[in-house]
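Can you build the whole structure from these sequences, using the hints too?
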Amino acid sequence: MPVRPKLLASDDLSRSLGYRIRRAQLWVFKDVSRRLAAFDISAAQFSVLSVIEANPGVNQLAIAQSLSIERAGLGRLVDHLERRGLVQRSASAINRRYYVLYLTQAGAALLDRLRPAIAESEKTLAAKIGPRAFKELQRALSVFLEDA
276 MPVRPKLLAS DDLSRSLGYR IRRAQLWVFK DVSRRLAAFD ISAAQFSVLS VIEANPGVNQ
336 LAIAQSLSIE RAGLGRLVDH LERRGLVQRS ASAINRRYYV LYLTQAGAAL LDRLRPAIAE
396 SEKTLAAKIG PRAFKELQRA LSVFLEDA
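According to the working numbering, the sequence shown is numbered sequentially starting from 276.
Worth double-checking, as some hints may not be accurate.
[As the list claims (entries may be wrong)] EDC-like, lysine to aspartate or glutamate: derived pairs with alpha carbons at most 20 Å apart:
(1) Lys410 / Glu421
(2) Lys398 / Glu411
(3) Lys305 / Glu395
(4) Lys403 / Asp306
(5) Lys398 / Asp387
(6) Lys398 / Asp306
It should be emphasised that the hints constitute simulated quantities derived from the structure, not laboratory data.
Keep in mind that this is a model prediction, so the values were computed, not measured.
And the structure:
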(Lines of atoms letter the chains of each structure in order from A and count residues from 1; the text may use other names and numbers.)
(Lines give C-alpha, C1' and ligand atoms only; values in the text may rest on other atoms or scores of the structure.)
Protein backbone atom coordinates (compact mmCIF):
# COMPACT_ATOMS: atom_id res chain seq x y z
CA MET A 1 0.00 0.00 0.00
CA PRO A 2 1.53 3.35 -1.05
CA VAL A 3 2.22 5.84 1.68
CA ARG A 4 0.23 9.02 1.24
CA PRO A 5 2.05 12.25 1.92
CA LYS A 6 1.01 13.99 5.08
CA LEU A 7 -0.97 17.14 4.29
CA LEU A 8 -0.10 20.29 6.15
CA ALA A 9 -2.76 21.58 8.46
CA SER A 10 -4.14 24.96 7.46
CA ASP A 11 -2.61 26.43 10.59
CA ASP A 12 0.83 25.36 9.39
CA LEU A 13 0.20 26.88 5.98
CA SER A 14 -1.08 30.14 7.36
CA ARG A 15 2.17 30.58 9.32
CA SER A 16 4.33 29.84 6.29
CA LEU A 17 5.90 32.92 4.74
CA GLY A 18 6.07 31.21 1.36
CA TYR A 19 2.34 30.50 1.49
CA ARG A 20 1.61 34.10 2.47
CA ILE A 21 3.74 35.40 -0.39
CA ARG A 22 1.93 33.09 -2.80
CA ARG A 23 -1.47 34.28 -1.55
CA ALA A 24 -0.36 37.91 -1.97
CA GLN A 25 0.89 37.15 -5.49
CA LEU A 26 -2.46 35.59 -6.38
CA TRP A 27 -4.32 38.62 -5.00
CA VAL A 28 -2.14 41.05 -6.98
CA PHE A 29 -2.37 38.97 -10.15
CA LYS A 30 -6.17 38.78 -9.91
CA ASP A 31 -6.46 42.53 -9.34
CA VAL A 32 -4.07 43.43 -12.18
CA SER A 33 -5.72 40.93 -14.54
CA ARG A 34 -9.14 42.38 -13.82
CA ARG A 35 -7.94 45.91 -14.53
CA LEU A 36 -6.08 44.96 -17.72
CA ALA A 37 -9.01 42.91 -19.05
CA ALA A 38 -10.71 46.17 -20.04
CA PHE A 39 -7.85 46.62 -22.53
CA ASP A 40 -7.88 42.97 -23.67
CA ILE A 41 -4.34 42.52 -22.40
CA SER A 42 -2.83 40.08 -19.90
CA ALA A 43 -0.31 40.78 -17.16
CA ALA A 44 2.29 38.77 -19.11
CA GLN A 45 1.63 40.83 -22.25
CA PHE A 46 1.96 44.04 -20.22
CA SER A 47 5.31 42.80 -18.88
CA VAL A 48 6.59 42.00 -22.36
CA LEU A 49 5.50 45.39 -23.72
CA SER A 50 7.23 47.10 -20.79
CA VAL A 51 10.50 45.23 -21.35
CA ILE A 52 10.44 45.99 -25.08
CA GLU A 53 9.81 49.67 -24.42
CA ALA A 54 12.75 49.84 -22.01
CA ASN A 55 14.98 47.84 -24.38
CA PRO A 56 14.13 48.61 -28.03
CA GLY A 57 15.58 45.97 -30.33
CA VAL A 58 15.77 43.35 -27.58
CA ASN A 59 15.74 39.74 -28.72
CA GLN A 60 13.07 37.27 -27.69
CA LEU A 61 15.50 35.02 -25.80
CA ALA A 62 16.58 37.90 -23.56
CA ILE A 63 12.94 38.71 -22.78
CA ALA A 64 12.14 35.07 -22.03
CA GLN A 65 15.08 34.87 -19.63
CA SER A 66 14.36 38.22 -18.02
CA LEU A 67 10.70 37.41 -17.34
CA SER A 68 11.19 33.67 -16.71
CA ILE A 69 8.86 32.74 -19.57
CA GLU A 70 9.45 29.60 -21.62
CA ARG A 71 10.64 30.44 -25.12
CA ALA A 72 7.70 28.72 -26.80
CA GLY A 73 5.24 30.55 -24.57
CA LEU A 74 6.92 33.85 -25.29
CA GLY A 75 6.81 33.12 -29.01
CA ARG A 76 3.03 32.67 -28.87
CA LEU A 77 2.68 35.80 -26.74
CA VAL A 78 4.74 37.86 -29.20
CA ASP A 79 2.75 36.40 -32.12
CA HIS A 80 -0.42 37.69 -30.47
CA LEU A 81 1.07 41.13 -29.79
CA GLU A 82 2.33 41.33 -33.36
CA ARG A 83 -1.09 40.38 -34.79
CA ARG A 84 -2.61 43.18 -32.72
CA GLY A 85 -0.12 45.62 -34.19
CA LEU A 86 1.51 46.37 -30.83
CA VAL A 87 4.94 44.89 -31.54
CA GLN A 88 7.14 44.77 -34.61
CA ARG A 89 9.37 41.70 -34.92
CA SER A 90 12.25 41.51 -37.35
CA ALA A 91 15.35 39.40 -37.88
CA SER A 92 18.39 40.69 -36.01
CA ALA A 93 21.03 42.37 -38.19
CA ILE A 94 23.69 41.00 -35.83
CA ASN A 95 22.47 37.42 -35.51
CA ARG A 96 19.89 36.26 -38.06
CA ARG A 97 18.84 33.38 -35.76
CA TYR A 98 17.23 35.89 -33.40
CA TYR A 99 14.26 38.13 -33.75
CA VAL A 100 14.43 41.60 -32.28
CA LEU A 101 11.38 43.43 -31.04
CA TYR A 102 10.20 47.01 -31.08
CA LEU A 103 6.99 48.61 -29.89
CA THR A 104 4.84 50.06 -32.61
CA GLN A 105 3.22 53.44 -32.15
CA ALA A 106 0.03 51.60 -31.16
CA GLY A 107 1.98 49.49 -28.65
CA ALA A 108 3.53 52.57 -27.03
CA ALA A 109 0.14 54.31 -26.90
CA LEU A 110 -1.49 51.26 -25.29
CA LEU A 111 1.30 50.98 -22.72
CA ASP A 112 0.70 54.62 -21.78
CA ARG A 113 -2.99 53.81 -21.28
CA LEU A 114 -2.18 50.72 -19.18
CA ARG A 115 0.08 52.47 -16.69
CA PRO A 116 -2.76 54.16 -14.77
CA ALA A 117 -4.48 50.76 -14.33
CA ILE A 118 -1.27 49.30 -12.90
CA ALA A 119 -0.85 52.34 -10.65
CA GLU A 120 -4.42 51.91 -9.38
CA SER A 121 -3.70 48.30 -8.53
CA GLU A 122 -0.62 49.38 -6.59
CA LYS A 123 -2.69 51.99 -4.74
CA THR A 124 -5.27 49.36 -3.85
CA LEU A 125 -2.57 47.07 -2.48
CA ALA A 126 -1.05 49.94 -0.50
CA ALA A 127 -4.46 50.71 0.98
CA LYS A 128 -5.01 47.04 1.86
CA ILE A 129 -1.73 46.62 3.77
CA GLY A 130 -1.00 50.25 4.66
CA PRO A 131 1.40 52.66 2.97
CA ARG A 132 4.29 51.96 5.34
CA ALA A 133 3.99 48.19 4.97
CA PHE A 134 3.70 48.64 1.21
CA LYS A 135 6.99 50.56 1.05
CA GLU A 136 8.69 48.06 3.37
CA LEU A 137 7.42 45.17 1.27
CA GLN A 138 8.72 46.81 -1.93
CA ARG A 139 12.11 47.33 -0.28
CA ALA A 140 12.30 43.80 1.14
CA LEU A 141 11.27 42.10 -2.11
CA SER A 142 13.62 44.21 -4.25
CA VAL A 143 16.45 41.75 -3.47
CA PHE A 144 14.72 39.30 -5.84
CA LEU A 145 14.86 41.68 -8.83
CA GLU A 146 18.44 40.57 -9.54
CA ASP A 147 17.59 36.85 -9.48
CA ALA A 148 15.89 36.76 -12.89
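Quiz item: In ascending order, which of the hints set out earlier in this document are inconsistent with the structure?
Solution: Those not satisfied: there are none.
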